[in-house]
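Protein chains: 2
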Amino acid sequence: MPQLRCNLTISLDGYLAGPNQSVENPIGEGGRHLHDWAFTLAAFRKEHGLEGGEVNASTQIIEESTANVGAVIMGRNMFGGYPGPWRQDPPWTGWWGDNPPYHAPVFVLTHHPRAPLVMQGGTTFTFVTEGIEAALVQARAAAGQRDISLAGGARAFQQYLAARLIDEINVSLVPLFLKAGERLFDNLGNAEHRLEQVRVIAAPGVTHIKYRAIK
Amino acid sequence: MPQLRCNLTISLDGYLAGPNQSVENPIGEGGRHLHDWAFTLAAFRKEHGLEGGEVNASTQIIEESTANVGAVIMGRNMFGGYPGPWRQDPPWTGWWGDNPPYHAPVFVLTHHPRAPLVMQGGTTFTFVTEGIEAALVQARAAAGQRDISLAGGARAFQQYLAARLIDEINVSLVPLFLKAGERLFDNLGNAEHRLEQVRVIAAPGVTHIKYRAIK
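First to last, the sequence lines map onto chains A and B.
Each residue of the first sequence is one higher than the one before, starting from 1 at the first, in the working numbering.
Each residue of the second sequence is one higher than the one before, starting from 1001 at the first, in the working numbering.
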């Protein structure tokens, strides 16, 4: 059975993004440093069309996060731009330029309908207004036998977790305090969760812990 | 230089204790399960006067938490009982019975003066009303060349962290969601912190990560 899985990096105080997210500062103030562990890696740079970089214990995390992934789901705030209805001029096409690093169908959760957006490199953004379960159905159909990656952000994650739809969570825990912003593990609803810790990888400046939902 | 260090267990969503702490439920609702990883260990049971138990990768954490410790600091809420002035009849003497597992001088932060309390097994509770720095001075004097353990709870930890007085934090991260209660990494103040991840131990049902403050 294909899995719904996610790789999310948080600060030691639990934030996925710092305060005051904006077009200039998409991960909020201080949030970019959450990803310092990834930026230097050859595996990360390659996905973003860059050369060079290191190989270390985190390389496996980057590689796994895209391996066998047939579709991606993300929230509107992660796709970004601004809240509310879509504007025409210029159209917001995501943070990632003409060739986003997904190379797969991406389903964006939004309250505002919009025609699909075909990007270079195999990434298509499809805007889903019928909620998280509808997005998952569409993503499963697109992914076939492959897994679905839940890319974020916090509110999309929380909705899928509260609905007990997530199979696997890889948390990358970084020794930073952001002190404010969006906490990943908040608004978890009333469902009972049982998680099993299945793997721990210690890497420079980060610890990666993989959890599996026991259903 | 003797270190101020702490070993604290939190849920994946960051809680050191669940909601509605009480005399019957000192770690709050669901909070006791945070420590399941420890309860089965021979090293933990021995400290609490019990026989038997397991040895696993967490054993080292229990042993280190008391090794070379010459004094302990804790907050009033961790010492427990009730908020406000001390009552005489019966006097509250902590959660741990006549022979607490500290076997060292313990300095309890409180707003309410009280005479020192001498327990069995080398534990003495001294009540400090002059604040966290005064408690640390007294603990250092008592510890001599040995380290000081900051036992908790959340508010005592937060005050020492905000004042940049903590040298080493061992976080034991448990795959549970408590959803409410006391978050460890909250109210961190305005000070800038730089933490270095120095060791990661994967153990059954828990990951132990040691951080050192870069000063």
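Rather than coming from a laboratory, the hints here were simulated on the basis of the structure.
Any given hint could turn out to be false.
Which bits of chain A does chain B cover? Going by a derived footprint, with three or more residues having C-beta under 8 Å, they are [as the list claims (entries may be wrong)]: (1) 12-18; (2) 21-31; (3) 132-145; (4) 169-175.
By construction, the Cβ of each residue, glycine as well, lies at the ideal position given by its N, Cα and C atoms.
Right, here's what the structure says about each hint:
Counting residues of the region 12-18 of chain A whose beta-carbon sits less than 8 Å from any beta-carbon of chain B gives 3, enough to reach three: the coverage restraint holds. Counting residues of the region 21-31 of chain A whose beta-carbon sits less than 8 Å from any beta-carbon of chain B gives 0, not enough to reach three: the coverage restraint is violated. Look at the region 132-145 of chain A against chain B: 0 of its residues bring a Cβ nearer than 8 Å to a Cβ of that chain, fewer than three, so the hint is violated. Chain B is given as covering the region 169-175 of chain A, and this holds because 3 residues of the stretch bring a CB closer than 8 Å to a CB of that chain, at least three being needed.
Checked against the numbered hints above, the structure breaks hints 2 and 3 and satisfies the rest.
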